[in-house]
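Participant: For reference, the chains in residue letters:
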Amino acid sequence: MSQWKTICSESDLTPNTGLCALLDGEQVAVFYCGKTRALYAVSNYDPIGDAYVLSRGIMGSLSDVPVVASPLYKQHFNLQTGECLEEPEHMLKTYPVRLEAGEVQLQAA
Amino acid sequence: MSKQRVLVVGNGMVGHKFIDNLVQDPQSEHFDIITFSEEPRLAYDRVQLSSYFSGATAADLALTDEGYYNDNGVNFVLNDKVVELNTQANYVVTASGRKESYDKLVLATGSFPFVPPIPGNDQEHCLVYRTIEDLEAITTSASQSKVGVVVGGGLLGLEAANALKAAGLETHVVEFAPRLMAVQLDEGGGSLLRRKIEDLGVTVHTEKATSEIVPGETCRYRMNFADGSHLETDMILFSAGIRPQDELARQFDLEIGERGGIVVNDNCQTNVENIYAIGECALWSGRIYGLVAPGYTMAKVAASHITGGSETFQGADMSTKLKLLGVDVASIGDAHGNTPGAQSYTYNDEIEQVYKRLIVSEDGKKVLGAVLVGDVDAYGNLLQLMLNDMDLPDNPAGLILPAGDGAASVGLGVDALPDTAQICSCYDVTKGQIKEAVANGCVDMGGIKGSTKASTGCGGCAALTKQVLDAELANLGYEVKNDLCEHFAYSRKELADIVRVKQIKTFDELLDSHGHGLGCEICKPTVGSILASFWNDYVLKDEHIGLQDTNDIFLGNMQKDGTYSVVPRVAGGEITPEKLIVLGEVAKEFDLYTKVTGGQRIDLFGAQLHELPLIWKKLVDAGFETGHAYGKSVRTVKSCVGSTWCRYGVNDSVGFAINLEDRYKGLRSPHKLKFAVSGCTRECAEAQCKDVGVIATENGWNLYVCGNGGMRPRHADLFATDLDDETLIKYVDRFLMFYIRTADRLQRTSVWLENLEGGLDYLKEVVINDKLGLGEELEAEMVANIGNYQCEWQTTIENPEKLKRFKHFVNSDETDGSLAYVAERGQRRPATREERIQSVELVD
Chain A
20 MSQWKTICSE SDLTPNTGLC ALLDGEQVAV FYCGKTRALY AVSNYDPIGD AYVLSRGIMG
80 SLSDVPVVAS PLYKQHFNLQ TGECLEEPEH MLKTYPVRLE AGEVQLQAA
Chain B
16 MSKQRVLVVG NGMVGHKFID NLVQDPQSEH FDIITFSEEP RLAYDRVQLS SYFSGATAAD
76 LALTDEGYYN DNGVNFVLND KVVELNTQAN YVVTASGRKE SYDKLVLATG SFPFVPPIPG
136 NDQEHCLVYR TIEDLEAITT SASQSKVGVV VGGGLLGLEA ANALKAAGLE THVVEFAPRL
196 MAVQLDEGGG SLLRRKIEDL GVTVHTEKAT SEIVPGETCR YRMNFADGSH LETDMILFSA
256 GIRPQDELAR QFDLEIGERG GIVVNDNCQT NVENIYAIGE CALWSGRIYG LVAPGYTMAK
316 VAASHITGGS ETFQGADMST KLKLLGVDVA SIGDAHGNTP GAQSYTYNDE IEQVYKRLIV
376 SEDGKKVLGA VLVGDVDAYG NLLQLMLNDM DLPDNPAGLI LPAGDGAASV GLGVDALPDT
436 AQICSCYDVT KGQIKEAVAN GCVDMGGIKG STKASTGCGG CAALTKQVLD AELANLGYEV
496 KNDLCEHFAY SRKELADIVR VKQIKTFDEL LDSHGHGLGC EICKPTVGSI LASFWNDYVL
556 KDEHIGLQDT NDIFLGNMQK DGTYSVVPRV AGGEITPEKL IVLGEVAKEF DLYTKVTGGQ
616 RIDLFGAQLH ELPLIWKKLV DAGFETGHAY GKSVRTVKSC VGSTWCRYGV NDSVGFAINL
676 EDRYKGLRSP HKLKFAVSGC TRECAEAQCK DVGVIATENG WNLYVCGNGG MRPRHADLFA
736 TDLDDETLIK YVDRFLMFYI RTADRLQRTS VWLENLEGGL DYLKEVVIND KLGLGEELEA
796 EMVANIGNYQ CEWQTTIENP EKLKRFKHFV NSDETDGSLA YVAERGQRRP ATREERIQSV
856 ELVD
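The listed protein sequences derive, respectively, from chains A and B.
Per the numbering used here, residue 20 is the first one in the first sequence, and the count goes up by one each step.
Per the numbering used here, residue 16 is the first one in the second sequence, and the count goes up by one each step.
Some clues are possibly wrong.
[Unchecked claim] What the simulated footprint calls covered on chain B by chain A, stretch by stretch (three residues with Cβ under 8 Å from a Cβ of chain A suffice, anywhere in the stretch; the number is not a length):
1) 533-541
2) 567-575
3) 825-832
[To be verified] Calculated lysine-lysine pairs in the PhoX-like style (CA-CA distance at most 25 Å, straight line):
4) A/K93 - B/K575
5) B/K819 - A/K24
6) B/K687 - A/K93
7) B/K819 - B/K632
8) B/K336 - B/K632
9) A/K54 - B/K556
10) B/K822 - A/K112
11) B/K822 - A/K93
12) A/K54 - B/K517
13) B/K556 - A/K93
[What the hints assert, rightly or not] Chain B residues, not near chain A, derived (Cβ > 12 Å throughout):
14) G82
15) A181
16) A182
17) G272
18) N289
19) D390
20) D392
21) H502
22) L526
23) L562
24) F605
25) D667
26) W767
Source of the hints: derived by calculation from the structure; they are not laboratory data.
Yeah, the Cβ is synthetic: ideal placement off N, Cα and C, and Gly gets one too.
In isolation and in its complexed conformation, chain A is listed as follows (with noise of 0.2 Å):
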């Protein structure tokens, strides 16, 4: 049975912006949305870029869908899927993710 893990504390968000957290040897990247309070989670590793830099990406939404854009070459990648927009044969794993009294917390594997 996998179980949650506390990576921060819900003050430690800044609405619309990610963050990356250490789960088991694996770069996660941590993202909030002010404006619908959702949190996802994906993979800090940007495979076309090839460097552990999505958390520092900006999000958005393109066509009602959630995005991170790479800081580097500016691919989107959905959040909630982890699929690349631009080129889909990249696929970033996504991880659960959750608030919980007060503390973010993803699903170790």
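Chain A is already provided as a structure; the job is to place chain B on it using the hints.
Facilitator: Just chain B, lined up with the frame of chain A:
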């Protein structure tokens, strides 16, 4: 096959055009080209000659340079006039005795100014206006004169009058005919032009025939007129028309017209098969064409004939549109209504000083000609109607009535133009070529200009080119809308207006009131930049931080491996040894790859997030501040060392560069902005390739705007001359704020200017003459922005909350374990993907 030897006599605009056509031809390898000029320099732009008096240099006027000729194997001989021609043995001899043979000879000898045979016309301060040497003589003479007279009220004469006026002389124009520009204008147009020019302080004397020039009483000379009156003046410029320079052809038996000019056929060949004549020296069908566009067409025809092409010369339209002494004047086709049965429409507004006359055919269906003074907006439409023999719309008067009288809709639908319609006569660009450029992906004026050259000559066709572009975009199904992105149905300019006028302070406020969705990486930084331009709030405030690109969030430039580079400000490129040592020590301590930038600063690469605050703490303590190298903002003001040290400097370029950089540092803008200040005309700071360039003169500073290097380099345009410090700063304040208000997202000043309706002249009107009445407002906005300046790094390192972001993991002090480096030339660089896989010789 041995090469054919093509010899071109004369290297003026047309001679150069011919050479250019020939070297661009796929067959060019079969030809050896040699050209002779009696002038000391290669071809330059005679049409823009008067700009010499507003600060342009001989280099600015140049149409080509030695490098271009060398690269294309064109031999050239300057300062050596061809004086002998042997049409049997096919050779020429020059004044210096040089003998050159040819297979094909092209005479592009141009014309010379006609000086009326008036006794006393050969005195020291009696001059003409055609070459750069003439301009130099005029400048010298003007500096010793108070009053100047131009003889001749035609197009060139008025240009010359402008030059005298610019030199600060009391200026008179003396014309033999009853009106100014008698060839191009009718009586109504001529008299309005006269009134406008006299309002500018130039005195016009018509119907005056000069009988002699004698010593004056109050001035150097006195001109006595045939009607008994006289005029005193210190200098006289003759601009009474041109005569074809056909001396060489005349002496060596080529066929010459009765009143001069070398007779040519439709191929531009003279009566000797392998000799061509083009431009103002050529007489085609009994006519000399004294404009540059027909000369260019002849150049093209001759080059085509020599390379086996089939183009022929079929005459040329002499319609013209220009600005004389600041007055817009245009003449189309049969301006005098000489065609039998011609009828006309006339619009004459004495209040606004606008005169327009439209001449139509007997049946009222076709345009024959037009005269426009004071408002020439209709020029493009009317010209196309005439050239393409198109039927007039139902209400032809609407074509010349001012917009807003229910007449505005009577335009010429550019869709009606045939693809063969010539839109740009300077570069012979047709509607079809513009359509093709659009089909190949050009979607704005900058793109069209770059790929077709349309409207990069005189600029007269800019409005029409834009219409063709827009129509074609619409035809291809592009919706011509400037929406920033799917979240805002507004252009950047409109959003800037909304933010400014409604005093909007946050992105969320703007999104709620004028947008939808969540925003994206296009609109967020754009709005972030607009907010910063007008309100200049700390960019890392919670309500702004999500708008910023990672570079702005971490106040550094993200490199390919996700680390950042650090660039402290080094204003004007001036740095003390102590500070330089600090940079070296910091770089050493954090093992940062170190490189000098093009903007005279030091770039330190490879800083990880957690290192940035530590690095900046040391830098700020040593007196550095952020360099904004990461922002779409004012970057650097480059300078040469200037008069404090340099033997040649005429002003303190370093000091002024530092002042400018301190004033504008960090100003957020639609794109990055670069400045430079040179201490003399040698221009070591390369100011003419900057958004704002400043060059010291004996009398102050010359200001250049809208240049850039990069992918599509563009030289800056001369904007104003001999400014003092305060005036220059006032102009730059206005210029920058006007750009910030009106530019598109990521639009450099160069492209912005190319797309600005009215171009450089309009920009001058707004900034210098305050046409829009915005001057003080723009300056106040700049002052407010400057008042809110802060060093973002200093604010950040003093704020523990903000410093929390500067670590790789929110839940661990570990760093990004994927980073790997290899050593190269004594420093480290990121390992390539292959190197990482093989993990060869990585450094810690």
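Participant: Out of the numbered hints, which ones does the structure contradict?
Facilitator: Hint check: 8, 21, 22, 23 fail, others pass.
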